[in-house]
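A.B. asks: If you read the sequences in order, they're chains A and B. If you're matching positions, the first sequence starts at 1383 in this note's numbering and goes up one per residue. If you're matching positions, the second sequence starts at 152 in this note's numbering and goes up one per residue.
Hints in this document: simulated from the structure, not taken from any laboratory. It cannot be assumed that every hint is accurate.
Calculated cross-link-like contacts (lysine-lysine; reagent style DSSO-like; alpha-carbon spacing at most 30 Å) [stated by the list, open to error]:
| no. | chain 1 | residue 1 | chain 2 | residue 2 |
| --- | --- | --- | --- | --- |
| 1 | A | Lys1484 | A | Lys1793 |
| 2 | A | Lys1792 | B | Lys215 |
| 3 | A | Lys1946 | A | Lys1484 |
| 4 | A | Lys1854 | A | Lys1929 |
| 5 | A | Lys1499 | B | Lys215 |
| 6 | A | Lys1484 | A | Lys1408 |
As the structure is a prediction and not an experimental result, all values here were calculated from the model.
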Amino acid sequence: MHLSLVDWLIMLVYFVFVLGIGFALKRYMRTSTDFFLAGRSIPAWVCGLAFISANLGAQEVIGMGASGAKYGIITSHFYWIGAIPAMLFVGLFMMPFYYGSKARSVPEYLRMRYDEKTRAINAFSFAIMTVFSSGISMYAMALLIQTLGLLHGIVPDAWVFHVSIVLSALIVLGYIFLGGLTSAIYNEVLQFFLIVAGFLPLVWIGLRNVGGWHGIQQRLPATMTHSWRGMTHASTNSLGVEVVGLVMGLGFVLSFGYWCTDFLVIQRAMAAESEESARRVPIIASIPKMFFPFLVILPGLIAVSITSHTTTAPTTTASHRAIPLDDAHPHGIIPVKTDPINGQPVLDTNGNPVYNYDLAIPVMLLNFFPTGILGLGLTALLASFMSGMAGNVTAFNTVWTYDIYQSYIKKDASDAHYLWMGRVATVGGILLSIAAAYAATSFNNIMDALQLIFSMVNAPLFATFLLGMFWKRTTGHGAFTGLLSGTAAALVHHGLTRPADAAVGIHGGWIHTIHLYPSDMAQNFWTAIFAFSVNLIITVIVSLFTKPRPEAELVGLVYSLTPKPIEKHLVWYQRPLTLSLGVIAVLLVLNFVFA
Amino acid sequence: MGLDIRLPLGMIFLILGAIMFLYGFFTRGSAIYAQAGGLNINLIWGSVMLLFGLVMFVSARRHKH
């Protein structure tokens, strides 16, 4: 790929600003609260944008573009069902306990509400998970830089991967080390606007090229341009999931489990200046989030709607334009996957080429963006990787310092010591991420296995928080046994079922296959449903047989014992409930339009 | 926190917008815009970004006084 000076200049300006923000904030980092919680002083809209930006890592931009190209607009369920309701719920109902309890992290809330052992499982599993997620983000970024040939001719080809890893690590390390969570949040806001600025013109030019949404509808099979068509049965939609699995598994268990309990995002809301602001953070975040499918999924759909490379083969383009694409393999400008070792195209078992859908968004950038704005598009892409990485690192250093180091290693040190530890943990977190990134290069299956284990640890989690916040009778022993049984249930369910097209092994069925799911997504959703239900039932049963904590200790931690937040002094548009109702109304309209 | 985010946000959009606008201005009618459907996207999007940067920058300044 050829980049000119102006493209490099744009990327350089971005990197200067990213580090500049860290330097500008350094002098405000006086206490550990400044470093880990941004001094609890950030306005709601800033936290709100950071809230979605922290989640907008590699997985989202590359993965959602890829799903859009592969499955179509149906991917928007991951936003409209799989994120928005949970974001509204955490703002309306859960934030008063997270923020009001003065807990400094999600695991710390669990210690206040339950006990030390429940906190310990959450803190350790979360810390390990964030390091690996950040490593995966780093790995994906380096791989992309290598595939696109971004540094070709600047550094020797054999070094590109290593140089990319080291550079991205140094930059993220630099700005978090200097400015802590504030720096991460400010950079996430910057990244949010750059991602919008980089992808919006891409969608605009792309849509012009394929004749708008109407043009896409004419070129692609109907299942790809309707989000609800064929959802009653798994075999009639491209995801291979039926509506119950989708709504319960994705919409309820997985999405609430992530958005309502994951410290990576909750930390952004905890940094808000007041409890009212903290409640508004996820709700404000849900507004742009609703429209993100148009920014990250639509480019994937456009990429498969283009019948061929307009730049290389203009004659075939003209003849193919009017005919809808082959229903089975609409691949547009998506390149064929090549073997990284011998450069040969990868073929599936039937001898057909395998398409590399992960490159949907990058090839869109190269296809439509001339030099100049190409620099901006690449900056947006790099920004998304950085924000994903930084989000994980800031969550890691906080949980490590408060929930592991201060709780189990050194209890009564000075605040300055914990601030120092936070900086050390930032370096440590980055080094571990690099190790994880290299682990991903050499053992692909290990990464798959790890992600599988994380999903099993996470799946039951929401039941623990739901019962903890809304049922005062729930006990620490109940929560602890429930959480472990939930994870065990996920494991057993995975061992007893597998997707119809997968062999026995890492995809499931390793105990004995008693049920086949139409797709791995369906299996994943149902694993979560089982894990959640088992956790809920076991927690309730064990709680009923163990001694509850006195009610006086639970004030501010449980719904029925906490005074309701007063909203009378807020203007109508500042009230969380009014805002949420507005979001739901728009969400319904979007679903009807793209049904 | 002492630093208003709108200040660096405004500044980066002003700088990037200016770079793209100027580059677009000096490459008017260039063949590079064929792939963007004939639009001088650098000029157009550069001005949009300049405008956004200006709004952010000015509102940060106003807030301060």
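A.B. asks: Against this structure, judge whether each hint is valid.
C.D. replies: Hint check results:
1. A/Lys1484 <-> A/Lys1793: Given that 30 Å is the threshold and the Cα spacing comes to 19 Å, the pair holds.
2. A/Lys1792 <-> B/Lys215: The hint is violated at about 42 Å.
3. A/Lys1946 <-> A/Lys1484: Holds: A/Lys1946 and A/Lys1484 sit about 16 Å apart, inside 30 Å.
4. A/Lys1854 <-> A/Lys1929: Judged against 30 Å, a Cα distance of about 12 Å means the pair holds.
5. A/Lys1499 <-> B/Lys215: With Cα atoms ~48 Å apart, A/Lys1499 and B/Lys215 exceed 30 Å; violated.
6. A/Lys1484 <-> A/Lys1408: With a Cα-Cα distance of about 25 Å, the restraint between A/Lys1484 and A/Lys1408 holds, given a limit of 30 Å.
Hint compliance for this structure: hints 2, 5 are not met, and every other hint is.
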